[in-house]
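Listed in order, the protein sequences are those of chains A and B. Read in order, the letters of the first sequence correspond to residues 1 to 325 in the working numbering. Read in order, the letters of the second sequence correspond to residues 1001 to 1523 in the working numbering.
Please note that the accuracy of each hint is not assured.
Label pairs and their in silico Cβ distance ranges [stated by the list, open to error]:
id, chain 1, residue 1, chain 2, residue 2, range
1, A, R109, B, S1137, 19 to 27 Å
2, A, K226, B, R1171, 49 to 57 Å
3, B, E1209, A, Q113, 52 to 60 Å
The set of hints was computed from the structure by calculation and includes no laboratory data. Cβ coordinates follow ideal geometry from the N, Cα and C atoms, glycine included.
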Amino acid sequence: MKIFNLEIKVDIVKYRWYWFGISLALTVPGLIGIAMCLYEFHAPLKPGIDFTGGSILQYQFEKPLDLDQVRNVLEENGLPGSQVQKAFISGQEVIVMRTKAIDDESIKRKVDQSLESSFGTYKALSVDKVTATIGPELLQNGLLALIITLAMMIGYISWRYMFDYAFCAIVALFHDVIVLCGIYALMGLSMGTEVDSLFISAVLTVIGFSVHDTIVVFDRIRENAKYVGSKVKDKATGEERKRSFGDIANDSVNQTLTRSIYTSLTVVFTLAALAAFGGVTTRDFVMAMLIGVISGTYSSIFNASCLLVYWRELKQKQKLKAATA
Amino acid sequence: MASNWQPMSVLSSLFKDWKPIAVLVVLAWSLTTMFHLEPTKVVDGYMKMSSMNSSELASYVHDTVSKMPRFKKMNLYERETATKELFDKAQLGNNIQVVSRFDMPFGSKENYTLFSNLRLGLDLRGGSQLLLQALPSKNVPEISPDVMRGVETVINNRINSLGVSETIVQRAGKDRLIVEMPGIKDPQQAKDRIGTTALLEFKELAADEQGMPYWKDVGLTGKDFKRAHAEPMAGTSVYRVGFEFKDEGARKFGELTKRLVGQQIGIFLDGEPTDRGPDGRPVPLEEYRGVTVREPILGGTGEITGNFSKEQALDLSYKLNAGALPVPIKILEERTVGATLGQDSIDKSLSAGLIGIGTVMVFMLCVYGLPGMVANLALVLYTLATLAIFSAMPVTLTLAGIAGFILSVGMAVDANILIFERTKEELDAGKSLYLAIETGFSKAFSAILDSNANSLIACGVLMIFGTSIVKGFAVTLAIGVAVSMFTAISATRTMLHLIPRQLGMFGHKYERSKAKTATKEAV
Chain A
1 MKIFNLEIKV DIVKYRWYWF GISLALTVPG LIGIAMCLYE FHAPLKPGID FTGGSILQYQ
61 FEKPLDLDQV RNVLEENGLP GSQVQKAFIS GQEVIVMRTK AIDDESIKRK VDQSLESSFG
121 TYKALSVDKV TATIGPELLQ NGLLALIITL AMMIGYISWR YMFDYAFCAI VALFHDVIVL
181 CGIYALMGLS MGTEVDSLFI SAVLTVIGFS VHDTIVVFDR IRENAKYVGS KVKDKATGEE
241 RKRSFGDIAN DSVNQTLTRS IYTSLTVVFT LAALAAFGGV TTRDFVMAML IGVISGTYSS
301 IFNASCLLVY WRELKQKQKL KAATA
Chain B
1001 MASNWQPMSV LSSLFKDWKP IAVLVVLAWS LTTMFHLEPT KVVDGYMKMS SMNSSELASY
1061 VHDTVSKMPR FKKMNLYERE TATKELFDKA QLGNNIQVVS RFDMPFGSKE NYTLFSNLRL
1121 GLDLRGGSQL LLQALPSKNV PEISPDVMRG VETVINNRIN SLGVSETIVQ RAGKDRLIVE
1181 MPGIKDPQQA KDRIGTTALL EFKELAADEQ GMPYWKDVGL TGKDFKRAHA EPMAGTSVYR
1241 VGFEFKDEGA RKFGELTKRL VGQQIGIFLD GEPTDRGPDG RPVPLEEYRG VTVREPILGG
1301 TGEITGNFSK EQALDLSYKL NAGALPVPIK ILEERTVGAT LGQDSIDKSL SAGLIGIGTV
1361 MVFMLCVYGL PGMVANLALV LYTLATLAIF SAMPVTLTLA GIAGFILSVG MAVDANILIF
1421 ERTKEELDAG KSLYLAIETG FSKAFSAILD SNANSLIACG VLMIFGTSIV KGFAVTLAIG
1481 VAVSMFTAIS ATRTMLHLIP RQLGMFGHKY ERSKAKTATK EAV
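If we strip away everything but chain B, and leave its shape as in the complex, we get (with noise of 0.2 Å):
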């Protein structure tokens, strides 16, 4: 068996002597990890660029960087790095809670404040995520893994579009799709707008066999566009949506409207007629005659006119620059939490988050007395630095997160309880403190690791196969425990050796005649 394996031997060796500088190094990074002061004014700043939509911060940006001091010494290798860097800035925007705000301190011109830069999930801040599904169609009967980019940049586009800062969309599975909508105000909206096809088409009046007429295709699609824009119409409150086409497009449109004068043109998104009734939706098919071509289009440039509203129009003409879906796509799951509910989880997290650590913290103040005083700092510094590092990897933190973490908190202090309870069997065996103190490290080690280790194996399935609740669960409780092991060993023993030993410890006395031979047996 492999049981005669000793990790503390190697272990032990390796901490003896850096373990307090590690916990003080551990300590400064967790700081500054955690917090970050800068001037309210920069601060605002990078709040400001977080709120506004795609198109807005490009053009901020770009006008930012163009007003640079230095921009036309820079070369194109700078200009490029200084966007990135303003774009970064936005968004750390999205993610800052202000700690607290200080007028103008120590004397210094300006304000500062202090905040923390914790990734919040859609459940803490409100937002959609979505889960969609490629469908395959007549023409596309697979879903290849180039239909799947195809996909990916026409739903990037759209919700670009939606003005909506911080999208993700990441590909899952062989045809599926996840896309992440912070923040977003009108989530049918974007749904609306994600869901459907968006494939235009130009089709002219055709008579079958018996003389019925239908809508024939005529090769002419959305994809011949150069680009849409919606504009009103002059004198009505109805818009339009004025269209260019690519060079072959422009040629086909050409010469279907050569030889349609006089006759008619229906314009289909979807397969339903653009023209909108009263209600705002499509027109019937029996009911829709299209429109009339009164003299050939030579020039490129077109127009629907289907009494759109304003917001119609718009949603059209973007639909059409972010292009048609290869495929139709359906929406396997939709998960949205609207910011009211998001601030009252995260309220309701935090009192219970302190609430539980406190009732911990004064449970072990008082079972331990001054040692459980120590496992209390360290439990201080475990929060610390786990947080630092969510900050730093960034782990987005969810409802389920917090619980993790939470959880993790009681599994740090298992660690402290199972060295304390062995250094109370050594004191009570008649060893000395130092003695005591090291003999319950080490007995005490291969229990938390084992015992660690198991609940790592948990959490590493549970990242592999879990949902995405799931996993921000096990992301949380994984770094949590590894970090107990590490406040446990080193933060813990450094500090109870730093308690002077005359005060004693666990119901021990300090005995000077035992701490004479308990130098004899250290050396």
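Next comes chain A alone, as it looks inside the complex (with noise of 0.2 Å):
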């Protein structure tokens, strides 16, 4: 790619072991803080309330309040445990309750009168209550479409180029979805930050736009793969040799690379607009489909063309041998 007069080159195939590496050191960490999730909360990302059961209240009250108070009340009321925090929502202080579920309404009203008394009138911003059947039923539903999707999308690229094209584009996928899983989990046991419904959402539009990126620097492969064999001059000795798959490779994606960058850079731009200037609600979600589209333009410029030249070079080697035999 070019950037001013700059030409910059990347030789993906011969650094190739570094790439892994790379890729290695950002997934490793994740999946240790994923298995550490699974551990302590019986689930590979600390799991919120959508999944667990129970309830986040939103509240504005008129004068700043004292949040062991808040929490006191909240264990009057039979809500023992509960988290409070405050949070601040265009510049006023709001009162973020975290609480397990509460199934009966009368408890709820009880608990809002008290509040009420004990702090004086206030603003309800947000109620979300979810009892705990739901939970398991949200997760059973978010993995099933996981797995669908994932399948139509090996259908759909082997239809359109060949499988091994789908295998690498896959492996590349779950590269990103565990380099953002694995941040998210490492959040979850650090900072307490639990995932919901909408992060479910955040990982298939990841899974999208790995795949869509991934697929562009498919498609100079397969129209430059008609060069394979065809004969180059050597820059370095002068001498004729035939072009490789890793030569067409490592010239796709070079070809590509501008294309890559600038896409993501759009991308980054929307998200990081989103993120610093979006309502709270969705900055979570933002900050997810930010990693993940950062990971998912690394993973399709460095490891998914990669991951296909290796795959072409094992089975020539296979080949070779057959053939010897």
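Bring the two chains, given one by one in their own frames, into a single complex with the hints.
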């Protein structure tokens, strides 16, 4: 790619083990985080109320409150262990209360009444209440959606390209999903970040974007594949040699590099604007997509095509072996 | 492999001549669908209608229709149509975003208002969404579709009595209902009214084997009511609920009161006495004495006096009129967003969207110059067309939906970048401008098609399996991706060809000699 007069060329095939190494460095801590989450929360990520059941109440009181007092009121009303935090929405202080599932409406009414009598009138900005019964269902639906999406994508790419393209695209995609989930697992462990049903749609979008990005590179490889075996002059030695699949992949990645980076930049611009200026409600969701998009760009440039080359080379060797045997 | 299938050759022949026309048609359609200009008086009328509750609205519509000048000449069918139109206008009033108001423009005698009509979701307008589950009971051990129909009707009746004009009650799965109530002021009241079974029972005092008194069922319930209403009791601030039985109920009630003269009848709502104590809660069962029957009541009317406040009496009468739920229900999920938070979200998403799209436009302009300008114009068309489709379908726009839309802007630009990069390569290879653009398009198309097809697969699955939030996101993203294919192929291409060649493009100067060979090649 060319930036002003600077010509940038990446040799993906030559340094493939470096690229794989970076990916490992990104995914291994994430996988450890996921494993620790499994141990701690019995789920790969810290599940939010959408999956466990529970309530999040966001109330805006007229005067600033002491969080411990709010906690006490909740405890007196049968909601011990509730998390109470302050947040700011449009510059105004909001009390965010996370409690266990309130299945009985009369408890909610009692809580509201005690809050009002202790701290004065308030505005309920938002109330999210999920009973424990619905969580596993949501998770099941989410996983089912994930599996169906993957199967359909493998089908589509195998139809339009070949199975090995589909396989490599899916591996690159798993890379992105693991990076994203890994970061959120670590955030869940260290900062208590929870994932909700919006996170599942963020993951699915990242899947869409990752494959979208990979396909653009693969499309170029497919187009250039006819040049495999054509003669090319080696720049260093000046000797003529046949172009390998690796050379083609290298050229293709470099031809699409500008596009990959520009596209990611535009998507990153829009997402960053949403993260910085958008509502609080979607911030985690947007951050998840941001991570996914950046990882998706990396994996489609450095992983997917490397893997394809590696796959083809292995097959070539097998063929050679079979021929000589 | 099917890779030798050339979608471009098929499509390009289709697109060859009517592309510029299609762009203009889409632009015109988008503008007219997106924006409406009507006299301010009329627009205010819509908004007034949408703020009424259902009974007010019904009587207002009835009055308006009967005041129509041709009312007497209209047949039944025409009257119905006129009524339906007015109800539609009230619906429209729920989703009006005023863009700007004009005071008597162009010398006309009226003020006009320009508005858009996007349907905003609960998280943006404020409101409550409930997920209800019907639970099997002793009498109804299985939730059959018939039972669910009953539940749906009762819930619908109850919500309508709340005066929420645009509620949606939707069946979800075998035993669930989704209730959406936009703009509701008191969600707790709504939940209380929806959540209770509202089974009114009459009982008589009887003694069990040990001689202990208990309340015995007499087989007369609120189902036997024709209607109930709340009324103040003379001289006090206390209310009572008067009721009227259906014929069968009146007969049964007559027989019962004849038999029990001088004795007590208990009235129970969902198993609790209807009498209220000083705290407004039902009195405990052990303290409840019932009402003494002074004389047989044969007229089929009666009253429930239970120390009710006005609200309690009204609430009970609404519930009785709406009917009892055949089975108890449970609120599985509640999502309530206050109007303040909603407005905050709208403002923030709007500014985030504008900043995001603005940054992308500046980027495109910096990187590509004149063609970047073209891409930006295509992006404006894209934004208009997508919003117009949202408004026409209509798509309910939620916060997640807006995120999906803004993401699709990024993907729409991607198509342009792919095409531009390809065109640049062709120019570098020495092709003329015209040919470079055409080849750029045809070569980029397979990548655009395949990558968008995959995004659409993800969207499709989300639409089928996702929760309502996720669905909102998937729908907007899918529409966005589909529209971006159109704008990239038609609008960008048409406009690129409109740029005077002398200005050059992508850093390549116009060369007369090449243009000549290009025309030869093109022929």
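Outcome of the hint check:
A C-beta distance of roughly 24 Å is found between A:R109 and B:S1137, which places it inside the suggested range of 19 to 27 Å. Distance hint check: the CB atoms of A:K226 and B:R1171 are about 55 Å apart, consistent with the given range 49 to 57 Å. The beta-carbon spacing between B:E1209 and A:Q113, approximately 43 Å, falls outside the hinted interval of 52 to 60 Å.
In summary, the structure is inconsistent with hint 3 from the numbered list given earlier, while agreeing with all the others.
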